[in-house]
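2 protein chains.
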Amino acid sequence: MKVEILPLRLPYVREGDDVAGLILRALQEQELDLEDGDVVVVTEKIVARAEGREVELDNVEPSAEARRLAEVTGKDPRVVQLILNEAREVLAAGENFIIVETRHGFVCANAGIDQSNVEEGRAKLLPLDPDRSAREIRRALEEATGRRLGVVIADSFGRSFRLGSVGVAIGCSGIVALLDRRGERDLLGRELKVTRVAVADCIASAANLVMGEGSEGIPVAIVRGTKVLGEGRARDLIRPKESDVFRR
Amino acid sequence: MKVEILPLRLPYVREGDDVAGLILRALQEQELDLEDGDVVVVTEKIVARAEGREVELDNVEPSAEARRLAEVTGKDPRVVQLILNEAREVLAAGENFIIVETRHGFVCANAGIDQSNVEEGRAKLLPLDPDRSAREIRRALEEATGRRLGVVIADSFGRSFRLGSVGVAIGCSGIVALLDRRGERDLLGRELKVTRVAVADCIASAANLVMGEGSEGIPVAIVRGTKVLGEGRARDLIRPKESDVFRR
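The listed protein sequences derive, respectively, from chains A and B. Numbers 1 to 248, taken from my numbering, label the letters of the first sequence in order. Numbers 1 to 248, taken from my numbering, label the letters of the second sequence in order.
Derived from the structure by calculation, the hints contain no laboratory data. No experiment lies behind these values; they were computed from the predicted model shown. Idealized CB from N, CA, C, for every residue including glycine.
List time: in silico DSSO-like cross-link candidates among lysine-lysine, alpha-carbon distance up to 27 Å:
| no. | chain 1 | residue 1 | chain 2 | residue 2 |
| --- | --- | --- | --- | --- |
| 1 | B | LYS227 | A | LYS2 |
| 2 | B | LYS241 | A | LYS241 |
| 3 | A | LYS2 | A | LYS227 |
Anything over 12 Å on all C-beta distances counts as not near chain A; from chain B, calculated:
| no. | residue |
| --- | --- |
| 4 | GLU65 |
| 5 | ARG132 |
| 6 | ALA144 |
Only chain A is shown next, with the shape it has when bound in the complex (with noise of 0.2 Å):
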């Protein structure tokens, strides 16, 4: 049983866009058609800017608090002031990051606040609710195919102890996020080392090998063949803090 990543190319999407639309005429455009099972694999990016969730920074006005992470990191106070908003807890700071937990509980550099491909004197924020986002995309998509589908909306995260980013899902809808196999044998009959499998993690890396930020332009990806319809939400992937001992 194999699994294919195909990539989806989409005009440059703005505010206000309906990215569940988007999808369904590029896949009418470059012959593609959704087959049950499929998880579509959005880059957060175009969702967020599809929702608004870009501000002006002019409009932004940085607190004490902001001005002063902002000479700790070399960052500009008014991004940094973003950064604080929609943060719960700063975990750590240095030149050009700021790592925090989100408003949704990830763990991340900048509070996912982007801006690359977005108008300069611009930033974008993370969707405010991305296993939302995701749902609503799901929807829309399987009304219109008629198909059972999963989606996953995706970005890049660094990592402690590892170089590079690698793709994460931030919200899922319609797929296993988390899969859990304890109980589950090996070959030999013994119960399993690895007992929950980050699944909406891999595929969002699996999409990462598609998609691009580059000027490629290609923010969907097809991935087929996985087997991991069901229930789960991009929150089942967080760690709650008191388990994680690198927070104690």
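Following the hints, complete the assembly by docking chain B onto the known chain A.
Only chain B this time, still in chain A's reference frame:
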């Protein structure tokens, strides 16, 4: 340009087995041909087993330190001794886990030591030099097929901040492990936010979608269509301790 991930079934691998030879035979039996640019992902489990990295626990004499950590964690003191033997540094320990930096520089639970898919009374260490293992398998596969290939030795690691394991590359040959995109531009001509992509880890996570540690017994996957051939080692993915805010 789509990406495909093809599972490859292998017989149970034993010490002294020739992994590349087994892969070639399995390709033939399953009527698959390798193509230029294919990345062959191999689980570290079969590489380590073939390389004789299994240890008889009865031959391990736990030190006082191992006995102390065994009490803290509830682990077998002999397994703890093996973990300490494989570790440069212990970062954290708790109920049934010890997070260490391995001799290779990887930060992971229990030094990657595994008792699943290993006979009772034995434990399996990570390959001694997985980059070298990848190189040897690649050379044998390239020689037999005449194709230009990449090889990734993959494991599953847990993570800070997020639940569930994902695929990681602990050995690489013939591919760019860490893709540097600094200087590239986005759709609007601005610099990219994400500048280094852990391509080899994305490939390992993608392969994870078809591979399994369970009774399915699929220890190899062919990842086709990625255009990532080049020079790189899994060691390129290790974040230097002094640049890691969660280790200072």
